[in-house]
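A.B. asks: Order-wise, the sequence lines are chains P and H.
The numbering used here puts the first residue of the first sequence at 1, with every later residue one more than the last.
The numbering used here puts the first residue of the second sequence at 164, with every later residue one more than the last.
Where hints are given, some of them may not hold.
[To be verified] Computed Cβ-Cβ distance ranges for the label pairs, DEER-style:
hint, chain 1, residue 1, chain 2, residue 2, range
1, P, Ser144, H, Leu417, 38 to 44 Å
2, P, Asn149, H, Gly341, 44 to 50 Å
3, H, Val365, P, Ala62, 38 to 44 Å
4, P, His141, H, Phe339, 30 to 36 Å
[To be verified] Over 12 Å on every C-beta distance to chain P, these chain H residues come out as not near it, computed from the model:
hint, residue
5, Ala215
6, Gly272
7, Ala280
8, Pro318
9, Ser358
10, Pro387
FYI, nobody ran anything at the bench for these hints, they're computed from the structure.
Beta carbons: idealized from backbone N, C-alpha and C, even for Gly.
This is what each chain is made of:
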Amino acid sequence: MRSTRTIDISTGLFVLLGFAAILFMVTQITNSGYSMKSDSYRLKASFENIGGLKSGAPVSLAGVTIGRVEDIQYDMDLYKAIVTMRINDKYRAIPNDSDASIYTAGLLGGQYIGLTPGSSDVPYRDGEQVIMANDAIVLEHLISKYLFNSAATPPAPAPAAQE
Amino acid sequence: MIAVLRELWQSLTTFLERVGLLVRFALRLMAILPSGLLRVRPIIEQVYNTGAMSLVIIMTCGLFIGMVLGLQGYDLLTRFGSEEYLGTATAISLLRELGPVVTALLFAGRAGTALAAELGLMRATDQIAAMEIMAVDPMRRVVLPRFLGGVIAMPLLVSIFIVVALFGAQLVGVEFFGVDAGSYWSQMRSAVELSDIREGLVKGLVFGVACSLIAVYEGYNAKPTADGVGRATTRTVVISAVVTLILDYILTALML
Numbered sequence: 001m002r003s004t005r006t007i008d009i010s011t012g013l014f015v016l017l018g019f020a021a022i023l024f025m026v027t028q029i030t031n032s033g034y035s036m037k038s039d040s041y042r043l044k045a046s047f048e049n050i051g052g053l054k055s056g057a058p059v060s061l062a063g064v065t066i067g068r069v070e071d072i073q074y075d076m077d078l079y080k081a082i083v084t085m086r087i088n089d090k091y092r093a094i095p096n097d098s099d100a101s102i103y104t105a106g107l108l109g110g111q112y113i114g115l116t117p118g119s120s121d122v123p124y125r126d127g128e129q130v131i132m133a134n135d136a137i138v139l140e141h142l143i144s145k146y147l148f149n150s151a152a153t154p155p156a157p158a159p160a161a162q163e
Numbered sequence: 164m165i166a167v168l169r170e171l172w173q174s175l176t177t178f179l180e181r182v183g184l185l186v187r188f189a190l191r192l193m194a195i196l197p198s199g200l201l202r203v204r205p206i207i208e209q210v211y212n213t214g215a216m217s218l219v220i221i222m223t224c225g226l227f228i229g230m231v232l233g234l235q236g237y238d239l240l241t242r243f244g245s246e247e248y249l250g251t252a253t254a255i256s257l258l259r260e261l262g263p264v265v266t267a268l269l270f271a272g273r274a275g276t277a278l279a280a281e282l283g284l285m286r287a288t289d290q291i292a293a294m295e296i297m298a299v300d301p302m303r304r305v306v307l308p309r310f311l312g313g314v315i316a317m318p319l320l321v322s323i324f325i326v327v328a329l330f331g332a333q334l335v336g337v338e339f340f341g342v343d344a345g346s347y348w349s350q351m352r353s354a355v356e357l358s359d360i361r362e363g364l365v366k367g368l369v370f371g372v373a374c375s376l377i378a379v380y381e382g383y384n385a386k387p388t389a390d391g392v393g394r395a396t397t398r399t400v401v402i403s404a405v406v407t408l409i410l411d412y413i414l415t416a417l418m419l
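Bound conformation, chain P alone:
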């Protein structure tokens, strides 16, 4: 039997190692969670259609992730989806005429919100609504628009042949 001191020391080491591993997992290999909550502010945007946007999706400015979608609600008065974003405090000075659009990352990737900076000198305040919000591009709408457009224009050679 080893001395109790050795047992204590190695048990302590083991438990510390275990908690260090949990801490590593929580802080290093996941993004959602602690870093954003402390110093950040909210922005809101209302969309006609948010496509497949989910809470937790990134909010980016020129491709740089500056925040995340915190909450998605449906407004019964406006008939629009209200998306609440949490933006890191480092990016305080976003002009208050910037607009928000929903994009898709890659062909099959998840959807995210891209902000395009405007030219105003006044930044957005906490909780302010984004002025312009462009909806998600829904593939079915695009396809149906294309189909109906091509059906509306009559095929040119066929009538000519009948005359």
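Use these hints to put chain H onto chain P, whose structure you have.
C.D. replies: Relative to chain P, chain H alone:
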């Protein structure tokens, strides 16, 4: 025909009897749990026995599981030209499935057998009977700290296993095959949710409870012969492995 049916009926009733005994054993453990938690000293010794002593094998296996994941994942992902998702693939599969399950299987093999053999030998050499004669409750004195030690050690072992395996996959993917280290970690970060980590830890805890319970039960109820102790250790590994995999399916279905 009748004989076969009788045989079947017999094995069914023995199986049900064993399940019933296991449940009763578990309930007895639960009943004395509060008083056992107060005695910290024996629990620490058992955390040392089951946890700290399993550390080397857990870390070695974790490293190699991670390296294999890196190798297989890289080979598969390059076919789609998306090897930067290596981090995501490894992290998700490790956190949700491989980490807890492989750790539980190793735990059953390393710590579970040790527990079962120790308790079985105590039973065979009449140490448990001697305690009962001295009015010392062997459940409280011997079984409970071993069970609790296993339950505490398992989630910690799971997280150590996962972290070591992530670095193993990084070793193969990034150092050997030249996947970009930045995209390895950042793709992982953007895909892994806190709920994935929670799933892994909950699974680790549940498997820890199951494997420790089976080990102490089999050891405590071993036949007091050399053969009985051997059987108890074998059964510990087999039953732990089967129960772990069944529980894994149930837990995954619950948490998806």
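A.B. asks: Taking 12 Å as the cut and beta carbons as the points, is H:Gly272 off the interface with chain P?
C.D. replies: The assertion about H:Gly272 holds, with a minimum of 18 Å to chain P.
A.B. asks: In terms of Cβ atoms, is chain P entirely out of 12 Å range of H:Pro318?
C.D. replies: Answer for H:Pro318: violated, closest chain P Cβ roughly 7 Å.
A.B. asks: Is the distance from the Cβ of P:Ser144 to the Cβ of H:Leu417 consistent with 38 to 44 Å?
C.D. replies: For P:Ser144 and H:Leu417 the Cβ distance comes to about 40 Å; the hint holds.
A.B. asks: Is the nearest Cβ of chain P still more than 12 Å from the Cβ of H:Ala215?
C.D. replies: violated (4 Å)
A.B. asks: I want to verify a distance hint. Is the separation of the beta carbons of P:Asn149 and H:Gly341 within 44 to 50 Å?
C.D. replies: holds (47 Å)
A.B. asks: Taking the shortest Cβ-to-Cβ distance between H:Pro387 and chain P, state whether it exceeds 12 Å.
C.D. replies: holds (24 Å)
A.B. asks: Are all C-beta atoms of chain P more than 12 Å from that of H:Ser358?
C.D. replies: violated (9 Å)
A.B. asks: Taking the Cβ atom of H:Val365 and the Cβ atom of P:Ala62, is their distance within the range 38 to 44 Å?
C.D. replies: holds (39 Å)
A.B. asks: Holds or violated: is the Cβ of H:Ala280 farther than 12 Å from all Cβ atoms of chain P?
C.D. replies: holds (17 Å)
A.B. asks: So does P:His141 sit 30 to 36 Å from H:Phe339, Cβ to Cβ?
C.D. replies: Given a distance of about 46 Å, which is not inside 30 to 36 Å, the answer is violated.
Violated hints for the displayed structure, listed by number in ascending order: 4, 5, 8, 9.
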